[in-house]
Every structure is written in structure tokens, then in C-alpha cells.
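Participant: Listed in order, the protein sequences are those of chains A, B, C and D.
For what it's worth, the numbering used here labels the leading residue of the first sequence as 1, then goes sequentially.
For what it's worth, the numbering used here labels the leading residue of the second sequence as 1, then goes sequentially.
For what it's worth, the numbering used here labels the leading residue of the third sequence as 1, then goes sequentially.
For what it's worth, the numbering used here labels the leading residue of the fourth sequence as 1, then goes sequentially.
Hints listed in this document are in silico derivations from the structure and should not be mistaken for laboratory results.
Please note: incorrect hints may appear among the correct ones.
Because identical chains cannot be distinguished in the list, a pair is counted as satisfied if it fits within a single copy or across any two copies.
Taking lysine-lysine pairs in the DSS-like style, the calculated list, with each CA pair at most 27 Å apart, reads [as the list claims (entries may be wrong)]:
hint, residue 1, residue 2
1, K241, K174
2, K133, K66
3, K20, K151
4, K139, K262
5, K241, K122
6, K62, K241
The model shown is predicted, which means the values in this text are computed figures rather than measured ones.
4 protein chains.
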Amino acid sequence: MAIEKKSLEKIFDVNVSRWKTSISWIEEDFIVTRGYFQEDLIGNVSFADVVFLLLRGNLPSKDESKMLDAILVSFCDHGVTPPSTQIARLAASTGSPLHASAAAGLLAFGKEHAGAIQECMKLLQETLKNDGKVSQLAKELVYDYLEKDEKIPGFGHRYHRRDPRAARILELAKDYKCIGRHAQLALEIEKVLNRLKNISMNIDGANAAILSDLGFHWEIGTGMFMIGRLPGLIAHINEEKAEEKPFRKTLNLGDIEYHGRKPDRIMRG
Amino acid sequence: MAIEKKSLEKIFDVNVSRWKTSISWIEEDFIVTRGYFQEDLIGNVSFADVVFLLLRGNLPSKDESKMLDAILVSFCDHGVTPPSTQIARLAASTGSPLHASAAAGLLAFGKEHAGAIQECMKLLQETLKNDGKVSQLAKELVYDYLEKDEKIPGFGHRYHRRDPRAARILELAKDYKCIGRHAQLALEIEKVLNRLKNISMNIDGANAAILSDLGFHWEIGTGMFMIGRLPGLIAHINEEKAEEKPFRKTLNLGDIEYHGRKPDRIMRG
Amino acid sequence: MAIEKKSLEKIFDVNVSRWKTSISWIEEDFIVTRGYFQEDLIGNVSFADVVFLLLRGNLPSKDESKMLDAILVSFCDHGVTPPSTQIARLAASTGSPLHASAAAGLLAFGKEHAGAIQECMKLLQETLKNDGKVSQLAKELVYDYLEKDEKIPGFGHRYHRRDPRAARILELAKDYKCIGRHAQLALEIEKVLNRLKNISMNIDGANAAILSDLGFHWEIGTGMFMIGRLPGLIAHINEEKAEEKPFRKTLNLGDIEYHGRKPDRIMRG
Amino acid sequence: MAIEKKSLEKIFDVNVSRWKTSISWIEEDFIVTRGYFQEDLIGNVSFADVVFLLLRGNLPSKDESKMLDAILVSFCDHGVTPPSTQIARLAASTGSPLHASAAAGLLAFGKEHAGAIQECMKLLQETLKNDGKVSQLAKELVYDYLEKDEKIPGFGHRYHRRDPRAARILELAKDYKCIGRHAQLALEIEKVLNRLKNISMNIDGANAAILSDLGFHWEIGTGMFMIGRLPGLIAHINEEKAEEKPFRKTLNLGDIEYHGRKPDRIMRG
């Protein structure tokens, strides 16, 4: 006795969105990711390859693989200076578990923090949609930002005059033949900025350029930073839990300036 | 005129906890992590090496490096089946940004999810503090759990009878000479469990054993899982944002059973 | 001997941003919030008053106080249907602690979920910057959205044809004399939408209108929703932990459709 | 033709856990929470009543309602001193959206922060399971903690010698007839601690005692704190976004002490 699909649906009321995915195919004793059995990936490709595979859909070439590995390494840690690291340690100091403290740290990857790499990728990718010589596009872009009195994302650094990681990434990009038009544009921007304001490319700028030349869409920028930085956050959380007293006190009452309304009476009663 | 440190401290009231760290040393144009200049790490060591360096304090041997890389790859994705992935996609479907959706996913790495690897590491490490032959310790452990009617963390799987990733990790551990007493204990446990209940080691069990033999303390388990899984979460978030309609509807009203108090009147008025 | 501030700063290198706030003034045994001693607020004003005080800067009138209290109550819970509630319960089911599970739930308050109230507030507030009669502005707005084939935030509901909470909030707004131009605009929009498409105002629309008439800037919308909904999320987390088995399984392998690349070989070996 | 449920289940493979709840019952145009139509709750009960209803299952008496309202108010804000507030502001300063910044703040409600209230509730509730006079139980408890050289949760405060909020809550508890054995025990503990160490009850201790006397299980402690504090966190996030420059810099390189491994060479070359 044939049961019509429609009547069955009525019984179970199942017009909810099914789960569809092109990332992994799971059956009993069967785990395939982007077309590869996971037991074939394990031991045959590097973690950087898997990041490429998951986010781009295919495995990288040898040079691309080494390049992405270098980029992931370059994100690893910047001590206790970034808000994300301070947040992860503050959360850990309250006794929050590791996974919650790490999540708190990642919540600081807003537009102004890890976001720089994404914004720089967007800037490079959208600028190159315009006609014109790369050197000309760079000049126009810099003058435009100077006129708006805005910082160009990926250039200049809170703590470094010449970010040693940026130079290294660009050097490797040459070795691995990963320099394309995005890196050329970033280098031209740096040339102009250097001359006018003595400002250099930082690691976000270098990584933004090379990731763009590797074919990554700018929307992947923050995600890449998070993957590269998570081990550092976890190391800091472990250190906080092992070495510091609970409930880290980062300031004294004297460090706070209150500028709100004064109460009507000084003592209650 | 010398100013005594003490009186200065009074002025600034600075007896708050200073930030101390042994992870990275940051000065202008100078970034050192665990004793290495980051520009020397970039391009010379793999991301798996940096994970080892950050969480253990020193660089791994060649075999250890390949082993950890394989373990990180093995965590990469399990489709939409785990709560962490469903959460990341549900959050993304509400228009929450990528970093917030990924953080939401990581918040599902509680004791019962990614926690299994950590609990299995703890079990193996603490069991081996006891005297006795490994096979004997394994037998006692299994009987103890059967008597308590509890699942042994790291053995059995919701979806797989023979987890193909576990076998592969153990095979590589032999190749890379990373089999030690923890892996032996895990294999003995599997032998007994297999005979009695037809249950096998899963990927958490295999990784827990090998990470323990690599010298990692059990407290690092969840952190390692998070590092390995984050790229998969990001891939799913991207897929949700690109392919699905906003505000994913996973259930119909008919899928919910209400068993609370009934209201006094059926219609208001 | 006067010490110049500048030289002291050099010694301590303190040109970091000081913490400034106009919200609370804390000294020893002294806690003042928005100009009131907290021991005077406690027992003398309601929680809704404190929400108003914190977010607007001053205490509300009696009618405003009752109105905001009603609005906060109206956010309280919508069963297990919203992504935020499903996420909080999924996270709790993995053994994640309550505070982490609740945070995960709040991470689902993106543009498409709790965001509707904020977008509706923005729409009403910006529309009223234009000249013209409210009924005319409403008509233009509806036709504009119909032409773009977009949903107007705050109108229509996934599960309800006539949202009973919306009618009640509007009724109370009349009693408490909180109906202003924003509510008039919302009611005019509803009139047109109702006639053309049989679509009514939902609770987000009603709350957006009244919060706007209470003088709240649209940027406060999501925050207000979070305050009102958090108790519901916590109730669901407690229920999940008390009543359900760990690691909630919301789907079977058969519920997933894989449409990615097929692996080259079906069995490995 | 009757279709057997069992065969249908086979077709749809639905032995996943259904969503069950006793909190809210949602049907079209029908929203019932804990047995009350939401349109009846709105405007008739306060937000504090709804918190009680959601977390205890029934509406409070008039005195209980006022008591809980006072307790929720007492949590409202403690300026920028707590880690949770600093985290929320740091996250907001990176450009992370409000809901993500608030979630980050809540992730700091670990055992050592908001956790004190929960631990104090547990301590009071478990101590009272023992036989003996309350004054005797208090004495034993204090001596036990002094011997272990541990802080009793809910007593003593980082910034206050006499927490003005605690005295106020206890005063109101007398007015509202909410003083029971838990409050008596807390007051006896304070008496002993005051005599021996000049330490007083803080707001967490007072709230823990009264919430216990109101019949709340200790597991609800952190949740109650979160509900009461969320508006304060949101006020701080708004202030940070409105008043401060992005990417708040809380420390200078000189504020950090590096005590890890020194690199082998000072300059790379």
C-alpha cells in the first residue's frame, strides 16, 4: 500500500529545513571530508593542508601548503598585549573553564582587532577590481586615506616600527612563488606610506596580501586569524590558571575616574 | 632628588598584580615566543610544532611533530552531527558574526563532548600511577566500569562501530615510535571491551593515549580538540551563511511535547 | 619638593587609557550608581527602574516604570522554538556550565533573531525624521518594502498570526500614556499591512514602538531583549540539565543530505 | 488503511530525542508559560515575579516578590572593578557587537567571581542538613575554614569593609519576613568572623542567605547574579562604544614582566 509522501509529511509536519552540507559525509565507520577519507588525510597531509581543504574546498599545492603553514605560525602569539589575550586570562582567573575562557578571548576578534586582516584583504581585493597600474592604484588609495585622516588596515603597528613577521612572510612568499597582484599592491602602498609617513606593513597586511594571492576571499580573514591564535590563547589560559592567584585584580580604585552624577548626600542615614 | 619607590607607589597606588608571562617577550620590533624569534619560527617549523611549543614549552622531535600533526588533522570535522557544529550553524543563521558563532560552538565543548578526550587522558594517566602489569590494570578498570554500569571515555561511538580514524592514529603511532605505556593500556582496555561487549576504541581514546605518551598532561585535552576542530566549525559557519536561509528552523511546533501546567482558561477575554 | 606629573608618568610609562566611567562610583563602603547610593535603590525601586536608570541615566516616571516592566516581562520565553534557546540547551547538554551555556544562547542574538526589535526601532525612528503625516509615511514605507519584496522587521511571525503579546503591550501603552508618534507609525503600518497581506504587528514591533516612545535609542533594542530573555534561557538550561540525557542527539544520519564531492574509492585498503 | 507508528518511524528514522519542556507551551496565537498566558502576565506581574516563576515554577507571594526584586537590584553594577565588566568593555572596544561583548562578560562568571553566591548558598544549605543549634554550626564552620586557612564565600570584600548593600538586604528581609534559618546561620557566621577577624558579610553572602530562605536551590545562584548584572554590563558596553577610542590599551610594554627563556641571539641575521 503506497503511502504518499505528502500525507506522511502532514503526519510528521516535517517541512523544516533539512541539514545539508558539502563538508563532510558521515555514515557508520565512514568519514569523508571534502571528498577524502579522513583516515587518508591523517598522516598524509599537514594541519595547514586541512585548513586549506576545509576553507577552500581542495588541497593546496606544495608551495601553497608551506605558505599557509607559515602564515598560521605567524599568528601564534603576541604576549599579553592584545585585548583577546587579556580577556582570556581574566576569564580564566575567575575559575571559568578553559573552553569558556578561550571562547571569551575569541569574542574580542572584532573589526578593530583581528578584523584588520579581513579589512585589509577586502581593501586589496576591491582595489584590484579597478583598472589601472598597481602603483597608480596604490598612490590613489594612500592619498585617499590621508585625506580622510584614516589608518589603512594592515599598515603601522601599536608596538612595532618594522614588524619582523611581515618581512619574513613576504620573503617566504617570494621563495614559494606566492607573490601576486595583491602582494604587489600592498608593497606599493608600503612604499608610498614609508616615504610620506615612515609607516610599514604589519603582519596583518602581509598575511592579508598573501592570503588574497592564495585565492582566499576576504571574508575568511578573521577565521584564519582565530585558527592561528587559538593555541596562544590556550597557552595563556593555562599559564594564568597555573601561576596566578584567582580573580586577577588589574586596577585599584585610584585608577578609575568617575565623572557621573554625584549623589545628593554623602552618607546615608 | 631621589624619589623612594614606596612613596611613588602610594601616589599611584599600584599594588595590583603585574602582568607576568613566560610565553612571549614583546619589545619594539622584537617578538620572541618560548625563546625563539617569531621570524625564525615562521617558515622553519610547522603549525603543529608551534602548538607543541606553546603548550609544552619546547619544540618536538621530527617524529613527535608528525604525530601531533596527524592528531590535529584527525579532529578536523564530523559533519553536522555534533552539538558544537549545530550550535555554530544556528548562531550563524541568526546573523551573528563569524567570531561570535565560532565562540558559541566552542562553548559546547563541555565534559560530555570534547571532554571525552580529556577524561580518557586523565583515566589513563592516573591508572598508570598504580603498580601492576598493564594488562592487569586494564582488566580491573574495565570490570570496575562495567560494575558501575558506566561508559569508559574514549571507547564506543555514537555513530561508528570501528572508528576508522582511531585505527589510523594507532598505526601512525607505531611508525613514529610514539607508542608508550598509555597506548598499551588503551589497547589492552580495547581488547577486553571488544571481547566482552564488542566495543572499540574511538578517535578520542586513540588521541588521548598518544597525547599522553607524547607527554601532555590530561588538562590539555580539550584545548587540543578545540585547536583541531576550529577550522571545521569555521567551514560550517561559512557554509551556513552562504547556502541557507536566515534563522534556521530546526523543528515544528508538532515536534515539541509540553508537559507543564495547563492554563486555567483556554482563551483569554 | 614638587614632582612634576610629566616626569612621574615617564617613570611609570602610564600613557595608557585610564578607566573612566559615569555609571558607578566605587569607594570603600561606598557604591553610587547614576547618582544614587545603591542601598537607597535596593528596596525602593524595581528592577525595571534600575534597567531604565542604567540605560537612560535617570529614573523613570511611575507610568514609564510600569510600561518598561511589562515590556521586560513580554520577552520572557518562547519555549524551545528560537535558535538561542536550542543553543543554550545543546551547550548545557554537553556538560558546559550554566554561565557558558547562557552565553552561548546570547550569541544567537544576531540581526535575524533578537535583532528584529533593534531594526524595527531604527526603522521607526529614522522614518519619523522625515516630514509628512504619519499615515502617509506608513503607506510609503509599506509600499517600499513590498516593492523590494522584503519583510518589515516587527511585523509577521513565524508561529503566530495575531501575536497575543503585541496586542497586550499596545493596550497597556494606552493605559500608561506611553503612546507617541512611534507607536502611531507602527499602528498605521499594521493597518496597511493587514489590509494588503493580512500581516499583524508582532511583539518585537510593539516593543520597538513603545521603547522608542519611551525615548530609547534604537541601539538599545537587542540589549533590552537580552535582559528580558536571560531568565528564560536559564530556566531552559536548568531543565535540560535536570531532565535530559547528556549530549542531546537532535538528528539521525538519515536527516543529513551530503552534496559534496564523493571520495574516489568506497573502501580504503 | 492504518499505518503503524513503528513502520513510520523506520521510514523517517526518528528515534532522536524529542524536545520536551514544561516551561512554555507554544501554539499558533497561544503562548503559555508555567501555566499562565503571557498576555495575562504582561502588565499584571513584575519582572522579578517572572524570574521567580521561571526558576521556581510558581508565582511568589507579595513579600517574596518585593524581596526578590530588591535582590535583583542589588546585583546591578560595581563599576569597572570586576573582571566581567572589564572583559565586556575590552571586547566592545575591539568592535565586537553588543550581544557578543555581553556574552564575553558573562563568561567571567566562574567559581571565583559570581560563583561566590552559589558557593555560599551551597555552604549554608548543606550546613543546615546537620543536627545542632545554628550558633554552634556557625562556630564549627568558621573554625574549620580558619584551620584550612580558606576564605568563607560570601564574607569579606576586595573593596568594602562593611558592604552597604548587605546591611540593606538583611534589613529588608526582616521587613518582608524572609529571614529563615539560612539567614540566621549567615548572621551567626558573621558574628564569629567579626569578632575574630573583623570581617563582615558581603552582598553575595546576604543574597545567598535570603535566596536560600526563599527556597532557591544553590544551583540557581550564578544564574540569579547574571540576571541582575546583565543590565550593568550592557550599560558599560554602550559607554565604551560611545566614549572610548577603539582597541583599548590597558598596559604598556613596561607593565609586563617576561620570565621565560631568552632567545639564543639578540638580533636575527
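Participant: Taking the hints in turn, state whether each one holds.
Facilitator: Status of the hints after comparison with the structure:
| no. | hint | result |
| --- | --- | --- |
| 1 | K241 to K174 | neither (42 Å within a copy, 34 Å between copies) |
| 2 | K133 to K66 | neither (30 Å within a copy, 44 Å between copies) |
| 3 | K20 to K151 | between (41 Å within a copy, 25 Å between copies) |
| 4 | K139 to K262 | neither (52 Å within a copy, 42 Å between copies) |
| 5 | K241 to K122 | between (38 Å within a copy, 18 Å between copies) |
| 6 | K62 to K241 | neither (39 Å within a copy, 30 Å between copies) |
Checked against the numbered hints above, the structure violates hints 1, 2, 4 and 6; every other hint is satisfied.
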